[in-house]
Amino acid sequence: DAGVIQSPRHEVTEMGQEVTLRCKPISGHDYLFWYRQTMMRGLELLIYFNNNVPIDDSGMPEDRFSAKMPNASFSTLKIQPSEPRDSAVYFCASSLAARHEAFFGQGTRLTVV
Amino acid sequence: AQTVTQSQPEMSVQEAETVTLSCTYDTSESDYYLFWYKQPPSRQMILVIRQEAYKQQNATENRFSVNFQKAAKSFSLKISDSQLGDAAMYFCAYKRDNLFFGTGTRLTVIP
Chain D
80 DAGVIQSPRH EVTEMGQEVT LRCKPISGHD YLFWYRQTMM RGLELLIYFN
130 NNVPIDDSGM PEDRFSAKMP NASFSTLKIQ PSEPRDSAVY FCASSLAARH
180 EAFFGQGTRL TVV
Chain A
109 AQTVTQSQPE MSVQEAETVT LSCTYDTSES DYYLFWYKQP PSRQMILVIR
159 QEAYKQQNAT ENRFSVNFQK AAKSFSLKIS DSQLGDAAMY FCAYKRDNLF
209 FGTGTRLTVI P
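Chains D and A supply the protein sequences, listed in that same order. For the first sequence, the numbering used here gives the first residue as 80, with consecutive numbering after it. For the second sequence, the numbering used here gives the first residue as 109, with consecutive numbering after it.
Among these hints, one or two may not hold up.
Stated by the list, open to error - With a straight-line cut-off of 35 Å between C-alpha atoms, the simulated DSBU-like cross-links for lysine-lysine are:
#, chain 1, residue 1, chain 2, residue 2
1, A, K163, D, K157
2, D, K147, A, K186
3, D, K103, D, K147
4, A, K178, A, K163
5, A, K186, A, K163
6, D, K103, D, K157
The set of hints was computed from the structure by calculation and includes no laboratory data.
Whenever a hint applies, use it, and build me the whole structure from the sequences.
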């Protein structure tokens, strides 16, 4: 398996623009997590899905952030409109079951100017 | 709510020596998993070791081992025979359904 695949690897956008981050989990994994990593706040869990259903989105910072998982092999994290303080590395991770380890993608480094 | 605390922002170790990274967590659950992840400068999150809470035996993976104290809610990582490639950020993590991370410990290995 190719592992968790995220795209793009890097994204530079202007303030106010819409940004969409993409994630393909490992086949057969039924949990998917989105994290944001910054120097100040560390690794923050934004939202996680089980069997394509959002279970806990309490970490989503604002209404500008939204996440979807239309099927078992694809998820998106959207920021609209983007702001400079959204600049961070965004990770997607998937796990086989609730108590199994999570495998991470390479992350997307987002820079909002 | 579950919290994971890593009280050592930075640690250093001489090459070939042993170092221990600390982690404590807070939970009211009895069934959960604990992990240590490594994040080198490449930023890839790499699983180092895992521990099931129902197992009393401490997990080991080659030079990496843990000291799991369930009653004390403590989960430390010991790295033996440290190598230059061990230099990275190390994150302790708690998982039941959700997956929570500590703030990390930056490990420097001195040649």
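Restraint check for D:K103 with D:K157, where alpha carbons must lie at most 35 Å apart: Roughly 15 Å separates the two Cα atoms, so the pair holds.
Restraint status (C-alpha distance of A:K186 to A:K163 at most 35 Å): Judged against 35 Å, a Cα distance of about 18 Å means the pair holds.
Proposed proximity, A:K163 with A:K178 (alpha carbon, max 35 Å): This hinted pair holds, its Cα atoms lying about 10 Å apart.
Pair hint outcome, A:K163 versus D:K157 [Cα-Cα no greater than 35 Å]: violated (40 Å)
Agreement of D:K103 and D:K147 with the hint, judged by alpha carbon distance not exceeding 35 Å: holds (12 Å)
Pairwise hint evaluation, A:K186 against D:K147, where the allowed Cα distance is 35 Å at most: Outside the cut-off at roughly 39 Å; violated.
Comparing the model with each numbered hint stated earlier shows that hints 1, 2 do not hold.
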